[in-house]
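Enquirer: Residues per chain, in single letters:
Protein chains: 2
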Amino acid sequence: MSPEPYFPVEPWCVREPSVELDRLGHTESIFALANGHLGLRGNLDEGEPYALPGTYLNSFYELRPLPYAEAGYGYPESGQTIVNVTNGKVMRLLVDDEPFDPRYGELCAHERVLDLRSGTLSRSVDWVSPAGQRVRIRTVRLVSFTQRSIAAIRYEVEPIDEPARLILQSELVANEDQPSIGDDPRVAAVLASPLQAEEHHHSVHSALLVHVTRRSGLRIAAGMDHVIESTERIAVTTESHPDWARTTITCEMRPGQVLRVVKFLGYGWSSQRSRPALRDQVHAALAAARFTGWDGLVAAQREYLDRFWDNADVHIDGDPELQQAARFALFHVLQSGARAERRPIAAKGLTGTGYDGHTFWDSEMFALPVLTYTLPAAAGEVLRWRHATVDLARERAQVLGLRGAAFPWRTIRGHECSGYWPASTAAFHVSVGVADATLRYYHATGDEAFMREAGVELLVETARLWRSLGHHDRHGRFHLDGVTGPDEYSALGDDNVYTNLMAARNLAAAASLAPRYPEVMARLGVDDEEAATWRDAAATMYVPFDDDLGVHPQHESFTRYQEFDFAAIDPEDYPLLLHVPYFQLYRTQVVKQADLVLAMHWRGDGFTAEQKARNFAYYEARTVRDSSLSAATQAVVAAEVGHLDLAHDYLAEAALVDLRDVHRNTRDGIHIGAAAGTWLALVAGFGGLRDHDGRLAFAPRLPSRIDRIEFSIRWRGLRLRVTVSPDEATYTLRDGGTDVQLELTHHGEAIVVRVGQPVSRPIPPLPPAGPTPHQPPGRAPLRRA
Amino acid sequence: MSPEPYFPVEPWCVREPSVELDRLGHTESIFALANGHLGLRGNLDEGEPYALPGTYLNSFYELRPLPYAEAGYGYPESGQTIVNVTNGKVMRLLVDDEPFDPRYGELCAHERVLDLRSGTLSRSVDWVSPAGQRVRIRTVRLVSFTQRSIAAIRYEVEPIDEPARLILQSELVANEDQPSIGDDPRVAAVLASPLQAEEHHHSVHSALLVHVTRRSGLRIAAGMDHVIESTERIAVTTESHPDWARTTITCEMRPGQVLRVVKFLGYGWSSQRSRPALRDQVHAALAAARFTGWDGLVAAQREYLDRFWDNADVHIDGDPELQQAARFALFHVLQSGARAERRPIAAKGLTGTGYDGHTFWDSEMFALPVLTYTLPAAAGEVLRWRHATVDLARERAQVLGLRGAAFPWRTIRGHECSGYWPASTAAFHVSVGVADATLRYYHATGDEAFMREAGVELLVETARLWRSLGHHDRHGRFHLDGVTGPDEYSALGDDNVYTNLMAARNLAAAASLAPRYPEVMARLGVDDEEAATWRDAAATMYVPFDDDLGVHPQHESFTRYQEFDFAAIDPEDYPLLLHVPYFQLYRTQVVKQADLVLAMHWRGDGFTAEQKARNFAYYEARTVRDSSLSAATQAVVAAEVGHLDLAHDYLAEAALVDLRDVHRNTRDGIHIGAAAGTWLALVAGFGGLRDHDGRLAFAPRLPSRIDRIEFSIRWRGLRLRVTVSPDEATYTLRDGGTDVQLELTHHGEAIVVRVGQPVSRPIPPLPPAGPTPHQPPGRAPLRRA
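Keeping their order, the protein sequence lines are chains G and V. Residue numbering for the first sequence follows the numbering used here, beginning at 397 and increasing consecutively. Residue numbering for the second sequence follows the numbering used here, beginning at 397 and increasing consecutively.
If we strip away everything but chain G, and leave its shape as in the complex, we get (with noise of 0.2 angstroms):
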């Protein structure tokens, strides 16, 4: 859990000095830039060597077949499968026809440069060809948050201390070869050339592709143009085929001269737009970009992210390797969603093929929270998204013999595309993700029409789908039975807390909108008898509790089973489920992730004080993190009850996990869920920042290492900056008129802000902490005090 740093610390960039080829599968997935709707991997220019060569869309999949070796009713039988599709990154080099590939010849220098304010990946070469002639290249890469179809590149490549003949291929690639995916030679099959190709056209210095997908039928248009600048005589020419086009650029340079050639590449794709239509919408794309020329690119995305990050900017002092990490993360967030616009936030963003490209609940609990904080109108196009997908959910929640609306485990287009039900189908809480997501968005922005077309179906189909799931006992108690919680080491428990209490927000918040959206309400069916049953049950809401030991069980009976045998297992037998049976591990007392302390987290105002010290000292000796979703929670709620250090070692560990390789899988891709619990980790953990029911509420305090944080949340079109050094926390309010003012807490106490009046407070003294929590053995985090 404790790898060694590989880049250097630096407050705004992540730079490889010198390139390390068997990394190459990490640092793909670190420099892989995108807007949210399309993403590149951090491949070199040349295509080669790589680990996963990689050009996604933004929900562009293709079926593949989920075989069972005992089928069973309701089980999905395809599954969607993120596309490479058509490569455009490609430029060779061949310096006196000896190709550039830094595996041959002399590689004097090499670096590359993510810079998260220009949002741009540079790259630097000094090179000796094995025939002794020696170059200079530098690239630079973009993918446009202003031009949301394309992506550019620019090649600099110049001779050092001879004249040289320079051929520079540019090509886009389509079904490019691919590492081995998984041991089913069908879904190999399958995937392993999945574009069918259309239609191919070439200018001089242009070309474009188009491909259909075989199952799924989605049509894709890829285009390169090219702007090519030399002082000296260069011969172009294009050619295009089914599968590949290429532009040949060739010319001779003398040392001081340079050639510098700029690449736009455009792309679109549609399930029902025609050939001629993407084709012209490609085109017309890269005719936009290359009128907005290079510069202007590069200006548009500097300008894009200097207004992003000054929202969303958590500035650290006091450890500065967090605070690149915290940026790095949080860019990779922004990269997810940005402009997504009607397309859900995958759990690996568009860096990479983990997961198979799919969206989780870490979308909506993870992801969204930042997002609503920091650029709002990014979560409100993922939860239209969501909406979108609800007719496929009423229909899911159907075959599973439920109303309402059951949102899928894992999906790209919103089927449910899990192969084994007790980790997905059971774990209903995606659907309280949702609500809580579409509620939290909705106090911090008041944005109605959303509500009025998405927002309020989301919430009353959640809330019949928790009606239907659940029921009373003899008792009068509510209960949900059977479900799978966050933690992925329990399965089909009884009465999940977290579970439990979300759906009752759920249930509660659906209730009390009735009155507020009676147009809506009757279009959905809702009568006033209806939302009286979701009162109810959100009232009657079992929440288990072990009296003996004073906590509460992560779902009923779990605090009474048998305590997992740590003792037994190797430090190498991390991750669990690698190398323990499922079986095992639902029965025993072991926690992937957090799942009680998520709750309290995010029901917070579900339990008091004491239960929350409790709780999480019990957790902690139970929790190995094995999955990266864990540790940000862990740090907001050891925060919370006052281990700080601790939870500053928690939220390292968010943050680190990509730079890191924490989980030694980054090569699959960024983890987003990780990057926005970094933020999480920041501002509800430090900043104490908590939201139920829509009441802004602080609780900010710092762990004896950092000795300032500073970070803003967007509410209601205002900007709210605080501002916390250990003695003190100042809120500032920005971007409204003098009379605007907020109300919130600091530490319980409730108090106003108005622009222009920043409010000090001092940060109250720590109250004594709980029990001195301990993890599993060797499970610890690693410590940053």
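Everything labelled a hint here was simulated from the structure, so no lab data went into it. Glycine residues also receive a C-beta, built at the ideal position from the N, C-alpha and C atoms. Possibly wrong hints are sitting among the right ones.
[Unchecked claim] Facing chain G, a subset of chain V residues (Cβ under 8 angstroms, in silico):
1) 869
2) 890
3) 953
[Said to hold, decoys possible] Not the full set, but computed from the structure, chain V residues with beta-carbon under 8 angstroms of chain G:
4) 466
5) 795
6) 822
7) 878
Once you've looked at the hints, dock chain V against the given chain G.
Expert: For chain V alone, coordinates are given in the frame of chain G:
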């Protein structure tokens, strides 16, 4: 649940007066012949039409991949599937060059008779060819109980009105076309042509084929030989090829002349023996059969069955259809295990490919109790097979993080072959079944050699399993959490009452045997401390009880769960598992098959009479009997709690499950568990046999429509015959010397029975029956009274 009768009622035969070709799947199973080693489906002699051609050798299987949409640690990678081996049943007849085929020409008569006393399948056909040539065909088929590698067919044909040229083609055919199995093309590919030819031979009237399976590497030799009787000139030729061999017999017959051919079939297989060894083995078996001759085989078959029925028959007065069905059922139980000889009893015996030919827990809990009391040596052989797999079961336990032996949910060779662990791996009760059958066999036979060589180890390793599977809670109660009981509509429950009570018996028995087998215990590494932990776990085993309702929950919390909404279920939606997701079945109060009620049968000593009555009524209302294993157990307990006519109804349902094709799947093979349950329902139900801790107890009592039953059980070399009339029961002891006596109880009264001194006792009046049971809507059994 109440299909019409198909076969006329006769006491010792199952007769099909005329063939219904769309019912071939059903009759192929009904008329299957087997001896526990070799099984032939009741396919028509001429090979087609067929529903499923089938020739099976016990434990001859092929491996097939088990695919998973999402893999998990400990999932079995490959399954085992029974193989349709070389078919020697085929005897094609041509009459004046026209093939005899029931689909062509005119079928004037076609009768098939399974004779339960002679152990033969006879067929009598009167057919007019499309050209108008009339012939009579009579065939008799047997699978020898006395020569286990041998089957034989006598084929007789005679022209009726005109002379005819008759050509009989007698064949061996490997890799027959099979109907499609499932929707996984890879599995179909593996099993479409499972046998690789190794060698083939022939003489004038015999042939032999040797094959080996591709993946499992099992070798099979199949041979045929013929004895031909005819008064006229006959031409005989034989040819052989890698996948088939054919003996052609040609003659011309006049009316009144009969061509009579006896075909001997010999089979042998091995995972180890060489090609020559196997070839010679089959040749020797055929030589022996030819030496015995057709008449000798028929006579030996009859003698074997006379002895069996003398031990095993249950005579029933008052319900002739039930009498027939009970004998038919018992005959198929015999066929499944008579000569298994250290091989398992599959759920479908050797009558079809249902469940891939796997053996399940019902082998030990249904088939073995019957065999233990009727053919104890056969029961011992099956238990020795289990013992032969104990190393695999130990390995499986280790993979699961447990000690002892975890026997597989479904297997042929001993490896776990299930692809859905919540219903398989977690169903640890398969191991209590092994232990219970071991104890029963030991008590009934006193077979000390078996105990030393196998039985003690089975009891010790299962006791170790329970000890490591369970744990004490903070109050000292011992729990088995997260296990699946017999009811497949629940899974992963805590403290399944059946499993807990049976495991407690297992633990206590293992502990109590320790002092009696010190050498075995030393070899197994059992010391006094370990045995003490078993005693303790047995003594503190937790059994949940619902005080409010005064009933036992099937597992913890079951009676608190939501009631299943039977009103929402269409009668066509049974079995529910095909129309309702597991998710809903597991978390609601719906029961596929007796589970708590099964506990009340086999661990009736763990319940009071009042509890039994209340429990029975409670579970009756929630049990849908989607498993054929359920009705028999419900009959046993219904009889005990005084609902005798209901017991009669359930008994009939179990007995008729295949004759009437109640579950519409008899085409896949005979339900051996239900067949065995028929005997149990009679003997443990109306006879009231209980054998807790090796003490014989009877509590006979008849339902209103049955006038008398008479059954026998074997007990330590003795035979006890029990004759029950409405008012009186008589116990008669046979086989022992006059000094031998047997202690038992009759309705709780201890009595002693001596050879030659029958004891009669009155049946006490029926105490008030408990609450009147009601079944879910539409799920009441067909009434017989």
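Enquirer: Take the hints in turn and mark each one as holding or not.
Expert: Results of checking the hints against the structure:
1. 869: Hint holds; residue 869 of chain V Cβ to chain G Cβ min 5 angstroms, cut 8 angstroms.
2. 890: At about 6 angstroms, which falls below the 8 angstroms cut-off, the nearest Cβ of chain G leaves the hint on residue 890 of chain V intact, so it holds.
3. 953: holds (6 angstroms)
4. 466: holds (4 angstroms)
5. 795: holds (7 angstroms)
6. 822: OK, holds: residue 822 of chain V within 8 angstroms of chain G, min 6 angstroms.
7. 878: Holds - the Cβ of residue 878 of chain V comes within 8 angstroms of chain G, reaching about 3 angstroms at its closest.
Checked against the numbered hints given earlier, the structure satisfies every one of them.
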